Structures are given as C-alpha cells and as structure tokens.
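Spelled out from the first residue to the last, the chains are:
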Amino acid sequence: MTAHGLLGDALFLLVLTLAAIPVGRYMYRVFEGEKTFLDRLARPLERAIFRLAGIDAEGGMGWRAYAVAFLVSNLAMAVLVYLLLWLQPDLPLNPAHLGPIPPTTVFNTVASFITNTNWQVYTPETSLSYLSQFALEFLQFTTPAAGIVVAIAFVRGFVQGRGDLGNYYRDFVRALSRIFLPIAFVAAIALIAAGVPDTLSGPAIAHTLGGATQVIARGPVAAFEAIKQLGTNGGGFFNANSAHPFENPGPLSNLIEEFLMALLPTALLFTFGEYIKNRRQAWIIFGVTMTLFAVLLLVVYSSEAAGNPILNHLLGATGPNWEGKETRFGISGSSLFAAITTAFTTGAVNAMHDSLTPLGGFVPIFQIMLNTVFGGAGAGLLNILMFVIITVFVTGLMVGRTPELFGKKIESREVTAAAAAMLVHPFIVLAASAVALSTAAGRAGIFNPGFHGLSEVVYAYASSAANNGSAFAGLGAASPFYAVSTGIVVLLGRYVSMLLMLYIAGSLLAKKTVPASTGTLRTDTWTFGWIYLGIVLIVGALTFFPVLALGPIAEQLSMLAGKVF
Amino acid sequence: MIQHIWRNLRLALTIFVIFGLGYSLVLAGIGNVLFPSQAQGSLIVQHGQVIGSSLIGQSSQGPGLFRGRPSATVNAVTGRPQPYNADNSAGSNLGPTNPALLQAVRQSISSLRGQIAGAIPGNLVESSASGLDPEITLQAALAQVPAVSRQTGIGRARLRRLVAKEAEGPLLGLYGPWRVNVLKLNLALRQVEGR
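So the protein sequences, as listed, match chains A and B.
In this text, residue positions in the first sequence follow numbering that gives the first Met the number 0: the first is 0, and each later residue adds one.
In this text, residue positions in the second sequence follow numbering that gives the first Met the number 0: the first is 0, and each later residue adds one.
Just so you know, these hints were derived from the structure itself, not from any lab.
Computed from a predicted model, the values in this text were never measured in an experiment.
Any given hint might turn out to be false.
Unchecked claim - Stretch-level coverage of chain B by chain A, calculated; a stretch enters the list once three of its residues show a Cβ under 8 angstroms from a Cβ in chain A:
#	segment
1	28-39
2	87-98
3	118-132
4	151-159
5	176-187
Cβ atoms here follow ideal geometry from the backbone N, Cα and C, with glycine treated the same way.
Using the sequences and the hints given, assemble the complete structure.
This is the structure we're talking about:
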C-alpha cells in the first residue's frame, strides 16, 4: 500500500459522496413528478414510448398490480432478447459473420441479463454479433431501471397518506429517460474521449512489429461500457471485461467506470432519505455502509500489495501480486475496482478475481455474500431495508416495544416476509454449491486445485444469487451444468426477494401512520446504525463462515506457509 | 392478460429500438465525428499500413526489442496458446496456490534470463488480466535497458532517455503507476535505429 493509493481512494469516495447527494435528490423529483431540468427533453420521448406501446401510464397501483406489471414487462423483454440471440445468424449487424449461439448459453444469457446479473458463459468477441450486443445493452438499460422502481415502490409503502405504490410503467419509463439515458450518454462520450472505441466496423487487421498478423476485435464499445457500469450490470463487451484495454484504456476511464458503478446505489440512499423525510436516517445508513466498505477495501488493497510470497520467493524479491492485473491500473486501481464491483454488485472486473491473493479474493466473495454493502441499482436499497426491518424487530424485542419503522408498525407479517427474503440468498448459494460439489458435472468445472477450487464454485453461486456477475473465471461456466444451474439461481435471486419486498410494501401501505412518541425506538441514531451493521455481519458470518473458512481463509494460510496443491 | 402481455411486448420493442439501437448508433456517429482516432480503436498507421493499436499489446519476442508482459490468450478454435490474441482476450485465471502458476512464472523467468541480469520485476513474469496489456512498469522497462543496448548497439544512457520520454506517470499524481507503452517504446527504438 502506498500513501498515494490511499489518498486516491479517499478522494474518489469523497467525490462519489458529493455527487450522490444531488443525484439522489434529483431521482426523488423524477419519481414524484416534480419539475426537473430535463423535462423538456424527456417528456416528448416518454409520450412517444407510451403511444407506440399503447400503454396508459396513469393511475396508481397496489402491490399486486405493481408486481404483475414488473413481472410481465420482464417476461416480454426476455422473450424479445431470446429471439434476437436465437436468430443471430439470420440478423443484420454481424460483420464478423458469427454463427448460432448454443441453446443453454442463450438460456443462461437471457436469465443473467434480465436479472441485472450479467454473468457471462460465452466469449463475446467470438460469439456475439453487434446486434446481439445491442440486445443485451437494451437489458442493461431496462433491468437496473426495473430494480430501482421496485425499490422506489417499496419505499412508498412507508410514505404517509399514500394510497398506492405508484404506476410501474410511469416509473420505469421515467427512470430510463430521465436517469439512465442522459447519464449514460454523457459518460459514453467521456469514455470515447478517454480512448474507448465506438465503431460499427469489424475487427482491425494489423501487421505487427514482430512480423505477425494481429486481428483486433473492436466495436461499439463505449456506448455499451457506459450503461454496463451505470446500471450495475457488468457484462463485458469483451471476454476480459473492463480489463480489456478497449473497455478501459487507462486510469481516467477506470475512474469514470468506478464512479458510474457506485453512483446510483449510493444516490438511492439519499433518495430514500427524501421519501421518508428524514435525511439523518439516510446519512446513518450511508455512514455505516461506507465504513464497512472502507475496511474491506483496505483488506483487498493491503493483501494485493503484499503480494504472493510463493512467487516472491521465486523472484527473490518482494513485490505486489501482478498476476491477472493490468499495468495501467496498478495495485490500488485494481483493488478499488474489485471492491466497488462486488459491493455495488456490478460484476465488471478490471483484474481477474481468480488470480487475486486468497485474502484479496475473500473481499469480493464476502461482499457478494453480504449483498448489502450498497448493493446493485435498486436491489441494494431493497436488501438494506430488508435488514433494517430485521434490525427493528430484533431491537424491539430487546427493549420490549412494538417495533415501528418510519411511522409504520412492523408486525409479524412483515417480519416473516423480510426473514424469508433474507434467507433466500444464503439458501440458494449454499444449496446450489452443495449440489455442484457433490456431482461429477459440477466438480468437472473446477479449474484451480485445492481450497481455491471450492472458492470458485461458491463464488459462482454467490455471484449468481446476488445478481453480481463477476466470477472466479477459471470455472468452466459454459458447461450445460453450470449454464443451467446458475441460470436458475439468478432468477430465484432476483425475483423471490423482490416480490416478497413488494408484498411487504403492500402490507405497510394499508397501515395507518403512527406519530412518533417517547415510546418510539428511534432508528435515526448511530446506535441503531451500528446494531444494523452488527446484524448484517452476524447473519452473514453465521451463514457463510464455514464455507469461507474452507475456501479463501484456508488458502491464505496455505499460501503463507508456502504450500501449493 | 393477453392484451397486457401484448402491450408489454410492444413496450419492449419500442425501448429496444430507442435504447438498444438508437442510443448505440447515435453514439457511434457522434464518437466518430468528435474523436475519430479513439472511436476506431487508436490504430497506429505507418506507410499506409496498420501496425497495431496503441492500446493493445502485441507479442515482442525478437532480440533488440523491449518485451511486454506474459499473455495467457489462446486461439479461439484450437484452444492452444496464442499470446496477444486480440480477438480472444483472457487472463490465465491461475489461483495463487496453483502449481501451474509457479510453473508459468518459472518459465517466464528463465526466458528472461538473457534479457535481465539482476532481480526480475514481477510485472514482467506474471501474466496480465486481458492478455493484451500494452504496458509494463517503468521499472520493468529500465531493467531491460542493458540487454537491449547490447542487442542494438545503442548506448544505455540514450535508451534510458528514450524510456523516460515514453514513460507515463500517475493521473493527478494519484491513479496508476509509472509505466511505459511497449509498442510505442519499440517504435521509438526502431526510429533511433533508422529502420
């Protein structure tokens, strides 16, 4: 670790925070239909969309109608992209003449992109046409938008005097036209300026200095990259993802991409503060989450900077772990990216996580397991509030009061649903890992031997369940076994908890707001914040510690002892 | 319900056309007008021939050239090693306690023994994430100066100046290490050699 690296991290997080506050307040205005500076541009676009689709986006919805609209629109988008991928060889915008995509890959890819996961079992350069990439890009716009509006609908359940959760279609299209499109557009132009290509030409053919011929894949990368990061999607235009010099050519593009990944999930905390008319509450959740993030960032950075003693022994000198990293980002730029992409569950990588030191690899996997260190666009806020409900319940039990949250009584119905939503994630991670490890097809996909192999499998399902999409990419994820099983896990990870949260919102909506009294347990205090964090960590540790001990922790001890497998 | 699904299919198609196609095509147009070089992939053209991209590393194994980092890319069809295959980017994905990692690093060290006398920088023997890393650390470039000087007959001091000229520092003094683009450095070297 260097002082420069730490200072760079601190400056980045400060700028992120300062930008997230106004963006968060802007999002509140967007969803509550207040005046914003983009109205004049966005309104005609929205009107055109609704007219072409024949949808009347007026009128509020209860939780059932909102959930049905969310599901049916997701289904329709999945069907459209399924067709586009399936028919790839017969469709235009395919300058490299790429052939059909295997059916299990199509299933996995549609499931993975409709759930904002962007787990990739294919090599984009050699399997996807530009049109297929545009189809995925379309989902990179719509799935974070859908995630955010479900989170907004949930928060509306707490708002005093509301009779409905809002209109799904209105929220969804406004998120697209007033949040995702303008930011992605500006970011894409900034990325092109920073060196990211954006062209419809096919691969370039170069005659190298060494006298060889080099086929250089390129394409409309910058547009893809911008929405990939902004929407916490993470699916790469190229196989090496944001480690590829065309996706991420230097420290400047790296900063832009890190900023885009972290912006909306952070801003949503402040949007939430506006909704419940309690900015202090938002700051407390932000504060404890950022503290946890900073600690975990230091763990990965220090571990990568300390390097791999086994390799250092060979080299006869100490140095950082360069395996699977790009020179231009350095150790600090690779560590910050790895921490952000798994905290904000984007899943883009600028270094190969499979080659991180064991403790360095522990951080991404642990953050995905916790699933609440900010989290993805919308999904993150939902997970955080789910844990807030659990915390209110636990602290209510401690002091013997009926738990209340933001003026609504939390009763057994909400706590049961929140607990169920909380348990889905560890259950699908651990059960799917157990199945993979106990079948020959699952074990056949393991690439690295020893403890690391276990980490690869657990990482795959944790990443799928959390809709992250990053990987210990040595795993043979393209095999039908992994393509189908991770495809199922991403769907469960996305929809089960989101539907349960909408159900809770519906239940809260029907309750009268109780005015805060001296008997109310306040949630906007640091004490509550730290208890919340404690519960997140205890639940995370209790469910996942055994598998973490057998994976990264055991491997770290082996590495320090100089042992290979 | 049927009508509900039908409307959503229309919505999906509308959004695909605007946000999938429209957004991408407009940006490709704007990008090529505002930043034509970057938009096309920062290609380096000499004597009317594309010799590479300044962003994409290429295999530089011959004597008298600075070496880049090991690349783990493979041929997409045969699966055999094909370093710096810019049509199939990939890292090694070797884990820190995998004996194959040790084996690969050992091999890289022995292939560099003729190029570097002292301690070998890890950056030069541990493979990159994309397999296409165009750069090496400044330290890794300077370590190769004596050997390149021997192979080309260009003085060490002159080579060090050449490296220093091509070296790029951290952004804002904070982000990214001191580093050198191998292709640009070798092109500058060729120019000094008068080739």
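Check whether three or more residues of the segment 151-159 of chain B sit with their beta carbon closer than 8 angstroms to a beta carbon of chain A. Violated, because only 0 residues of the segment 151-159 of chain B bring their Cβ atoms closer than 8 angstroms to Cβ atoms of chain A.
Per the coverage rule (Cβ-Cβ under 8 angstroms, at least three residues), is the segment 176-187 of chain B covered by chain A? holds (count 5)
The segment 28-39 of chain B covered by chain A? Criterion: 3 or more residues, Cβ-Cβ distance below 8 angstroms. holds (count 8)
Given as covered by chain A, does the segment 87-98 of chain B meet the bar of three residues or more with CB within less than 8 angstroms? holds (count 12)
Does the segment 118-132 of chain B contain three or more residues whose Cβ lies closer than 8 angstroms to a Cβ of chain A? Three-residue rule met by the segment 118-132 of chain B, so holds; n is 14.
Hint check: a violation occurs at hint 4 only; the rest are consistent with the structure.
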